[in-house]
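So in this note's numbering, the last one in the sequence shown is 252, and the numbering has no gaps at all.
Please note that a few of the clues may not be correct.
[What the hints assert, rightly or not] As a list, the in silico DSBU-like pairs of lysine-lysine whose alpha-carbon atoms are at most 30 Å apart:
| id | residue 1 | residue 2 |
| --- | --- | --- |
| 1 | K130 | K167 |
| 2 | K108 | K118 |
| 3 | K153 | K174 |
| 4 | K105 | K140 |
| 5 | K169 | K221 |
| 6 | K153 | K111 |
| 7 | K140 | K83 |
| 8 | K118 | K167 |
| 9 | K34 | K4 |
| 10 | K120 | K34 |
| 11 | K167 | K108 |
| 12 | K197 | K58 |
| 13 | K105 | K133 |
| 14 | K119 | K203 |
| 15 | K182 | K140 |
| 16 | K245 | K72 |
| 17 | K133 | K197 |
| 18 | K211 | K35 |
| 19 | K17 | K151 |
| 20 | K111 | K200 |
| 21 | K197 | K230 |
| 22 | K169 | K32 |
| 23 | K182 | K78 |
| 24 | K151 | K58 |
| 25 | K118 | K182 |
| 26 | K200 | K221 |
| 27 | K83 | K17 |
| 28 | K169 | K197 |
| 29 | K83 | K120 |
| 30 | K119 | K79 |
| 31 | K31 | K111 |
| 32 | K169 | K79 |
| 33 | K58 | K79 |
| 34 | K153 | K230 |
None of these hints come from the bench; they were simulated from the model.
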Amino acid sequence: MKNKEIQKEINWLLKEKYNEKPDKNFYNDIKKLKKGEPLDYLIGFTEFLGTKINLSLKPFIPENETEFWVEKAINDIKKENNKAKKIKILDIFAGSGAIGISILKNIKNSKVDFAEFKKKSIEQIKINTKINKINKNRYKIIKSDIFKNIKGKYNYIFANPPYIAIKRKNKVEKSVLKYEPKSALFGGEDGLYFIKKFLKEAKFHLENNGKIYMEFDSFQKREIEKIIRKNNFNNCQFFKDQYEKWRYCLIY
Numbered sequence: 001m002k003n004k005e006i007q008k009e010i011n012w013l014l015k016e017k018y019n020e021k022p023d024k025n026f027y028n029d030i031k032k033l034k035k036g037e038p039l040d041y042l043i044g045f046t047e048f049l050g051t052k053i054n055l056s057l058k059p060f061i062p063e064n065e066t067e068f069w070v071e072k073a074i075n076d077i078k079k080e081n082n083k084a085k086k087i088k089i090l091d092i093f094a095g096s097g098a099i100g101i102s103i104l105k106n107i108k109n110s111k112v113d114f115a116e117f118k119k120k121s122i123e124q125i126k127i128n129t130k131i132n133k134i135n136k137n138r139y140k141i142i143k144s145d146i147f148k149n150i151k152g153k154y155n156y157i158f159a160n161p162p163y164i165a166i167k168r169k170n171k172v173e174k175s176v177l178k179y180e181p182k183s184a185l186f187g188g189e190d191g192l193y194f195i196k197k198f199l200k201e202a203k204f205h206l207e208n209n210g211k212i213y214m215e216f217d218s219f220q221k222r223e224i225e226k227i228i229r230k231n232n233f234n235n236c237q238f239f240k241d242q243y244e245k246w247r248y249c250l251i252y
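Work out the full structure, taking the sequences as your base and the hints as a guide.
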């Protein structure tokens with residue numbers, strides 16, 4: 001990290017965590033920052049589409065690319081469902097809960113089920129729904145290995161599975177590899193392990209005319225097209241992120 005970027009992060013840390021009043025802990029945090037620990041972990045939270053996402057249990061930090069496409073998906077859902085009484089949504093591989101919470105905050109008639117397998121992540125989602133003052137009647141947290149404990153059908157499924165290919169590990173930022181949970185990063189040798197399992201079952205959990213939004217790595221686009229066809233979905237569309245890289249698809 002360049003000196004200018006480090007100084008920018010130090011200034012942000014001072015403002016957000018220490019209210020412009022440096023103390024002993026502040027200088028300890030600077031040392032951690034210089035060693036590569038993510039700023040969001042040191043501050044303890046990040047922002048995601050108008051929500052505050054607590055990171056105290058060190059979940060995967062929501063990325064700007066994810067925020068970009070989730071915002072577009074939310075706007076599309078609002079247009080499609082402006083007269084719907086209730087929209088049922090599944091946030092699978094939910095991690096910190098950022099996607100589902102941003103949906104609940106931005107779509108008034110939505111109900112969200114969060115599906116997560118890791119105990120720490122489930123606790124993190126509980127913290128974040130509480131911080132963001134989400135009414136308990138609007139969501140449910142389900143401990144599930146992908147669809148294992150999912151019984152219902154949904155109008156929309158949002159999936160941000162672990163999709164980094166182990167063979168492309170050298171392309172991942174060192175700080176991400178060192179500090180963020182590897183279980184939220186890697187999806188087998190080609191990164192498609194969880195994507196294949198997810199798409200094999202996803203169709204059975206969609207309502208009529210239901211849709212899936214799924215994030216992936218840009219180099220996987222061609223293989224994902226094959227997986228989608230193999231699982232007999234009718235249509236799919238692929239979209240680029242703000243950096244002009246293939247990033248997510250809409251499947252229906």
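Against the structure, the hints:
1. For a cut-off of 30 Å, the pair hint linking K130 to K167 is broken: about 38 Å separates their Cα positions.
2. Proximity of K108 to K118 is assessed by CA-CA distance (about 28 Å); at most 30 Å being required, the pair is judged to hold.
3. Among the hinted pairs, K153 with K174 is inconsistent with the structure: their alpha-carbon atoms are about 39 Å apart, more than 30 Å.
4. Among the hinted pairs, K105 with K140 is consistent with the structure: their alpha-carbon atoms are about 15 Å apart, no more than 30 Å.
5. Restraint check: the Cα-Cα separation between K169 and K221 comes to about 18 Å, which is no more than 30 Å; the hinted pair holds.
6. In summary, the hint linking K153 to K111 is supported, as the alpha carbons are separated by about 12 Å, within the 30 Å threshold.
7. Our distance criterion of 30 Å between C-alpha atoms is met by K140 and K83, whose separation comes to about 23 Å.
8. With a C-alpha separation of about 24 Å, the suggested pair K118 and K167 falls inside the 30 Å cut-off, and the hint holds.
9. Among the hinted pairs, K34 with K4 is consistent with the structure: their alpha-carbon atoms are about 12 Å apart, no more than 30 Å.
10. The suggested pairing of K120 with K34 holds, with an alpha-carbon distance near 27 Å, which does not exceed 30 Å.
11. Only pairs whose Cα atoms come within 30 Å are accepted, and K167 paired with K108 is rejected, the gap being roughly 42 Å.
12. About 26 Å separates the Cα atoms of K197 and K58, which keeps this hinted pair within 30 Å; it holds.
13. In summary, the hint linking K105 to K133 is supported, as the alpha carbons are separated by about 9 Å, within the 30 Å threshold.
14. Proposed proximity of K119 and K203 is supported: the alpha carbons are some 26 Å apart, at most 30 Å.
15. Of the pairs offered as hints, the one joining K182 and K140 holds, with about 25 Å between alpha carbons and a cut-off of 30 Å not exceeded.
16. Of the supplied pair hints, the one linking K245 and K72 holds, its CA atoms being roughly 16 Å apart against a limit of 30 Å.
17. A threshold of 30 Å between alpha carbons decides the hint, and for K133 with K197 the separation of about 33 Å lies outside it, so the pair is violated.
18. This hinted pair does not check out: K211 and K35 have alpha carbons roughly 42 Å apart, beyond 30 Å.
19. Between K17 and K151, the direct Cα distance comes to roughly 41 Å. Violation of the 30 Å bound is thereby established for this hinted pair.
20. For the hint pairing K111 with K200, the CA-to-CA distance comes to about 24 Å; that is within 30 Å, so the pair holds.
21. Between K197 and K230 the CA atoms are separated by roughly 12 Å; this keeps the pair inside 30 Å, and the hint holds.
22. With a CA separation close to 23 Å, the supplied pair K169 and K32 stays within the 30 Å bound.
23. Between K182 and K78 the CA atoms are separated by roughly 34 Å; this puts the pair beyond 30 Å, and the hint is violated.
24. For the proposed pair K151 and K58, the alpha carbon gap of about 29 Å is at most 30 Å, so the pair holds.
25. Between the alpha carbons of K118 and K182 the distance comes to roughly 12 Å, so the proposed pair stays at or under 30 Å and holds.
26. With a C-alpha separation of about 17 Å, the suggested pairing of K200 with K221 holds against the 30 Å cut-off.
27. The straight-line distance between the Cα atoms of K83 and K17 is roughly 42 Å, outside the 30 Å bound, and the hint therefore fails.
28. Annotation: proposed proximity of K169 to K197 holds, straight-line Cα distance about 21 Å (limit 30 Å).
29. Note on K83 and K120: the hinted pairing is violated, with a Cα-Cα distance of about 37 Å set against a maximum of 30 Å.
30. Pair hint K119 plus K79 does not hold up; C-alpha atoms about 35 Å apart against a cutoff of 30 Å.
31. A distance of roughly 42 Å separates the Cα atoms of K31 and K111; the hinted pair therefore is violated under the 30 Å criterion.
32. About 39 Å separates the Cα atoms of K169 and K79, which puts this hinted pair outside 30 Å; it is violated.
33. Taken as a hint, the K58 and K79 pair is broken in the structure, with Cα atoms around 35 Å apart against an allowance of 30 Å.
34. Between K153 and K230 the alpha-carbon distance is near 21 Å, which keeps this suggested pair within the 30 Å criterion.
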